[in-house]
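Asks: Here is how the chains run, residue by residue.
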Amino acid sequence: MNDIDDYLESVKIAYSKPGGSNWPAKGRQISNTFITLAALNQLRQLKEAKKAKTDPEIADLFWSTTQIRYILTGEFVIGLKILEQKSKKPSIEEISEGTQNFLNLLKIKAKEDPFCLKGSNKLLSKSQAEEIENSTKWQSSNKQAIKKAVVSASALAWAFGYDTYYTNFMEIHGPYELGEERQLIVREYKFDWVKEVWPEAPELPDMLKYYLIYGNGKITLDWEMHHDESSEMTLQEYAAIKVIDGKETTILDNELEEIIEKNSQIVREQVDKVNCLPILDKIRKGALLVFLQTKCLADELGQDWRPAKEVEQCILEKGLDNWNSTSTKPKDPNAVASHWITRFDPRVALND
Amino acid sequence: MLEGDFLQNSDKILVKGQTASRGIAEGTVHIATDENLEIPTEKDFILVCKQTNPAYSILLMKSKGVIAEVGGIVSHAAIISRELEIPCIVSAENATSILKQGQKITLDASNGIVYE
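Protein chains in written order, with the numbering used here: chain B, 5 to 356; chain U, 229 to 344.
Hints are supplied without guarantee of correctness; some may be wrong.
Pairs of lysine to any residue, SDA-like flavour, derived with a Cα cap of 25 Å [as the list claims (entries may be wrong)]: (1) B/Lys51 to B/Asp9; (2) B/Lys21 to U/Gln279; (3) B/Lys222 to U/Gly251; (4) B/Lys266 to U/Gly251; (5) B/Lys21 to U/Ile252; (6) U/Lys292 to U/Thr256; (7) U/Lys290 to B/Ser20; (8) U/Lys292 to B/Ile223; (9) B/Lys147 to U/Ser338; (10) B/Lys21 to U/Glu263; (11) U/Lys271 to B/Ile263; (12) B/Lys213 to U/Gly330; (13) U/Lys290 to B/Arg272.
From the derived model, a few chain U residues whose C-beta atoms are all more than 12 Å from chain B [what the hints assert, rightly or not]: (14) Leu242; (15) Ala253; (16) Lys271; (17) Ser319; (18) Ser325.
Facing chain B, a subset of chain U residues (Cβ under 10 Å, in silico) [to be verified]: (19) Pro282; (20) Ala306; (21) Ile307.
I should point out that these hints are in silico values taken from the structure, not numbers from a laboratory. For clarity, every value in this text was computed on a predicted model and none was experimentally measured. Idealized CB from N, CA, C, for every residue including glycine.
Whole structure, please, built from the sequences with the hints as guidance.
Replies: See below:
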């Protein structure tokens with residue numbers, strides 16, 4: 005199997021799990037309006053970066069592996085294929101080459117299993133994971149609170165990132181085997197970009213990090229960062245850390261409840277706010293979230309990361325029609341997977 | 229109580245759904261909507277809803293179990309329930325109309341069923 009086959013196999017696994025979320029709308033209701041422009045922008049940025057930077061340097065411009073994965077299945081491949089169908093440009097070969105270039109970045113960034121085919125998303129080496137195990141002040145007395153803290157942080161990422169673009173704010177990586185049936189899962193919530201899209205959002209830490217050590221069972225992560233735990237999984241120890249202005253501080257058990265309450269309140273306000281936005285503004289915020297994915301790349305190239313004027317023009321001209329046109333994807337999970345695989349394969353032109 | 233105890237009571241099944249997070253919970257039905265996400269005064273409530281969005285997270289944290297009409301194993305309700313280790317079923321058709329506010333129920337999520 006080559007990289008593109010591996011990527012498609014991984015996508016198939018992720019997409020065969022039914023029932024993703026549709027808040028505040030189906031992803032395509034938002035991105036269909038500007039998907040070709042977003043994909044062309046991603047292709048252009050990658051080409052320009054490759055002229056001046058090495059692949060490892062470019063890989064460093066993405067904060068997470070999942071961000072790269074979401075670019076590929078979110079806009080890049082489908083957006084360029086739609087464009088190819090309409091204008092015969094770029095070619096299928098160019099789309100395949102661009103896809104391979106993104107997959108190469110993924111292979112650099114992931115320490116192993118870049119396509120999650122073994123059920124992992126490993127950003128740390130074994131020694132880095134062991135260093136975390138040895139240097140962290142572990143807690144174990146309030147496991148229910150840490151679980152709620154994780155949920156409230158995930159809800160923040162979903163609320164600010166719509167459900168579809170939460171990878172701008174959240175990454176789950178691991179599992180890292182620590183021996184004696186101990187597995188480390190790292191959950192990072194990065195909120196320093198929230199105000200780029202939602203300038204009036206309340207102050208949040210730059211980052212929240214949750215280290216969770218589980219015993220027994222097995223956790224798997226897929227291409228879409230869906231995690232699946234066997235029922236015998238048990239949380240053994242945990243550590244919570246907040247990062248403000250680059251300084252890491254341990255969050256103690258007695259602080260967790262306050263953080264959960266505060267995060268939950270912010271989530272409710274944000275959801276209410278999004279629900280009240282007019283449709284075109286929902287799409288505009290969606291466009292910001294899509295273009296935010298390559299912010300570091302744009303910054304490095306000395307360019308504005310925000311959507312170009314053509315995107316706003318597209319939203320004005322086609323936004324409502326696209327929003328109102330309903331998706332007809334099949335309901336059977338396996339049929340859904342096959343449906344998307346044909347669209348995510350960069351080597352095959354679209355026929356419909 | 230064991231899951232097998234409930235399997236014998238198949239004549240009392242009220243709702244069926246897909247297992248999203250295994251386990252059994254007993255409690256009173258609390259039907260929530262996007263417009264009404266108030267936390268109920270009852271301590272042992274089972275959240276029943278059409279589908280969730282991120283704003284439901286606080287309700288999920290306080291519930292004993294979750295029954296959602298829409299969604300699959302990677303929906304909010306499913307992911308959060310597994311995180312919190314509370315039972316959850318999804319794709320539970322018509323749950324919000326069949327189950328009544330305050331009704332006492334048992335959710336056997338491992339078998340994807342709700343009993344009176």
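Asks: Which hints, by number, does the structure contradict?
Replies: 4, 7, 10, 12, 17
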